[in-house]
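**Student:** Sequence:
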Amino acid sequence: EAQLAALEDNQFSTTTKLRGFITFGMISYFSGEGEANTVFQDDVVLRLNTSFTGSDLLEIGLIGTNTAVPDFNTPNNDIPGSTREGVPFWSFEGSLNNDVRLQSLDYTFTAFEVGDVKAVFTIFANRGFGSGRFEFGPDGSAWLGPGRPLSAFAARSPVFRLNGRSGIITRFQLTPNIRIGGTYQANPGSNPDRGLFNGNYFAAAQMILNPTDNLALALTYANTYSLPGQFKFSRQRGNPNNNGFIGTALANNFDNAGIFFDEDVPVVANVYSLQGFYQLTPKINIGGFVTKISARLIGEGDADIWSYAGMLTLTDLFKEGNIGGLIVGMEPTLTNLTIGGDDVDSFDRDTSLHIEGYYQYTLSRNISITPGFIWITAPNQDNDNEDIFLGTVRLVFAL
Numbered sequence: 081e082a083q084l085a086a087l088e089d090n091q092f093s094t095t096t097k098l099r100g101f102i103t104f105g106m107i108s109y110f111s112g113e114g115e116a117n118t119v120f121q122d123d124v125v126l127r128l129n130t131s132f133t134g135s136d137l138l139e140i141g142l143i144g145t146n147t148a149v150p151d152f153n154t155p156n157n158d159i160p161g162s163t164r165e166g167v168p169f170w171s172f173e174g175s176l177n178n179d180v181r182l183q184s185l186d187y188t189f190t191a192f193e194v195g196d197v198k199a200v201f202t203i204f205a206n207r208g209f210g211s212g213r214f215e216f217g218p219d220g221s222a223w224l225g226p227g228r229p230l231s232a233f234a235a236r237s238p239v240f241r242l243n244g245r246s247g248i249i250t251r252f253q254l255t256p257n258i259r260i261g262g263t264y265q266a267n268p269g270s271n272p273d274r275g276l277f278n279g280n281y282f283a284a285a286q287m288i289l290n291p292t293d294n295l296a297l298a299l300t301y302a303n304t305y306s307l308p309g310q311f312k313f314s315r316q317r318g319n320p321n322n323n324g325f326i327g328t329a330l331a332n333n334f335d336n337a338g339i340f341f342d343e344d345v346p347v348v349a350n351v352y353s354l355q356g357f358y359q360l361t362p363k364i365n366i367g368g369f370v371t372k373i374s375a376r377l378i379g380e381g382d383a384d385i386w387s388y389a390g391m392l393t394l395t396d397l398f399k400e401g402n403i404g405g406l407i408v409g410m411e412p413t414l415t416n417l418t419i420g421g422d423d424v425d426s427f428d429r430d431t432s433l434h435i436e437g438y439y440q441y442t443l444s445r446n447i448s449i450t451p452g453f454i455w456i457t458a459p460n461q462d463n464d465n466e467d468i469f470l471g472t473v474r475l476v477f478a479l
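By my numbering, the letter at position 250 of the sequence shown is numbered 330, and the numbering carries on one by one without gaps.
There's no promise every hint is true.
Label-pair distances were calculated between CB atoms; the ranges are [as the list claims (entries may be wrong)]: (1) LEU142 x ALA86: 26 to 32 Å; (2) LEU84 x PHE252: 41 to 47 Å; (3) VAL424 x ASN463: 15 to 21 Å; (4) PRO362 x ASN153: 41 to 47 Å; (5) THR133 x SER108: 47 to 53 Å; (6) GLY390 x THR292: 48 to 54 Å; (7) GLU88 x LEU433: 53 to 59 Å; (8) GLU193 x LEU142: 28 to 34 Å; (9) ASP382 x LYS97: 47 to 53 Å; (10) ASP464 x ASN416: 17 to 23 Å.
Note that these hints are calculated values from the structure, not bench results.
Bear in mind that the values here come from a model prediction, so they are computed numbers and not experimental data.
Even for Gly, the Cβ is constructed at its ideal location relative to N, Cα and C.
Construct the entire structure; sequences and hints are all you get.
**Tutor:** Structure below.
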């Protein structure tokens with residue numbers, strides 16, 4: 081009784097739980113044009129999860145990082161640019177010099193639930209992952225496999241890297257095997273000069289199908305608008321140093337002044353994505369996605385951007401709780417560009433492969449260490465560029 085009284089007197093909160101991840105990442109770059117030394121980085125994400133009714137969740141996220149992303153000399157047919165292929169997942173916020181800042185603020189609640197039918201809504205003023213957290217498949221947002229890949233590209237379909245910072249998400253469970261959802265997100269929706277409806281936005285609809293217990297499919301359609309020169313696979317809009325978070329340099333910069341046009345161009349895009357996950361056996365899982373982006377450069381022309389990936393995940397590999405993973409795919413790549421109805425042939429369209437392998441070794445329930453590698457062939461979709469190869473070791477503490 082005395083011990084119980086002491087716990088009650090000193091408990092953090094009856095409604096709030098602290099969760100989070102602390103990541104140490106060591107990266108060595110063995111090839112790739114440009115200066116890139118061995119680095120040791122950290123990423124700290126803390127979340128205060130509060131429930132008032134048992135069916136709602138108020139999430140306050142805090143983050144501090146020192147994860148700078150290197151620049152590579154990876155031109156495409158003499159068009160300068162630094163590719164963003166192969167960026168580690170823990171680098172998504174860039175370097176904050178370990179200053180702590182608010183990463184996310186959102187509230188999720190169940191609007192109604194009758195039998196198997198359920199409606200869940202999320203409103204948010206700030207989301208660190210942006211539209212990436214719209215997905216709602218098995219085991220969280222990534223759901224392409226039970227492991228935790230090393231790269232940002234392998235974590236989720238590129239459609240969920242476009243725009244998105246504040247807005248609303250709706251999710252409806254129609255049956256245990258069918259769910260649909262929609263979202264509207266603005267970036268930055270807090271800016272009075274742009275607001276929710278006069279700047280960058282991400283509007284999407286998604287259907288999740290679970291025909292069997294070991295098969296899941298997601299169909300996603302999105303429509304996005306990006307202000308002149310701000311079409312990026314990143315949510316850091318308005319940052320003049322933002323070159324994207326995944327994908328080739330051309331896929332992130334084709335709308336920028338000095339690349340194909342004399343001035344920045346606004347872009348409206350239709351995005352189509354198919355994701356899948358299948359459990360072959362309790363220990364063998366496969367997953368993947370394919371994404372096409374049809375972009376309209378307003379007043380100038382059109383462009384196509386493609387991306388795909390296949391993933392193999394092996395659970396309990398060599399030891400119970402350990403996970404091995406292999407990913408092969410192509411990060412967002414500019415495949416076609418027309419200006420005034422004429423095809424542009426001044427850039428290379430070589431296939432740039434993303435090849436990634438990792439082995440997650442579970443030291444305890446809360447600690448894991450993951451060595452692995454990421455290999456990028458023909459960076460920035462140009463075979464003339466030196467391949468990029470990096471080796472890394474990730475140490476994660478889960479709170």
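**Student:** Holds or violated: 26 to 32 Å for the Cβ distance of LEU142 and ALA86?
**Tutor:** Hint holds: Cβ distance 28 Å, inside 26 to 32 Å.
**Student:** Within 17 to 23 Å or not, the Cβ separation of ASP464 and ASN416?
**Tutor:** This hint holds: roughly 20 Å between Cβ atoms.
**Student:** Holds or violated: the 48 to 54 Å window for the beta-carbon distance between GLY390 and THR292?
**Tutor:** violated, 20 Å
**Student:** Could you tell me whether the CB distance from GLU193 to LEU142 stays inside 28 to 34 Å?
**Tutor:** holds, 31 Å
**Student:** With 41 to 47 Å as the target window, see if PRO362 and ASN153 comply at their CB atoms.
**Tutor:** holds, 46 Å
**Student:** CB of GLU88 to CB of LEU433, is that within 53 to 59 Å?
**Tutor:** holds, 57 Å
**Student:** CB of THR133 to CB of SER108, is that within 47 to 53 Å?
**Tutor:** holds, 49 Å
**Student:** Is 47 to 53 Å right for how far apart the beta carbons of ASP382 and LYS97 are?
**Tutor:** holds, 48 Å
**Student:** Per the hint of 41 to 47 Å, is the separation of the Cβ atoms of LEU84 and PHE252 within bounds?
**Tutor:** holds, 42 Å
**Student:** Starting from the range 15 to 21 Å, see whether the pair VAL424 and ASN463 falls in it by beta-carbon distance.
**Tutor:** holds, 19 Å
Hint compliance for this structure: hint 6 is the single one not met.
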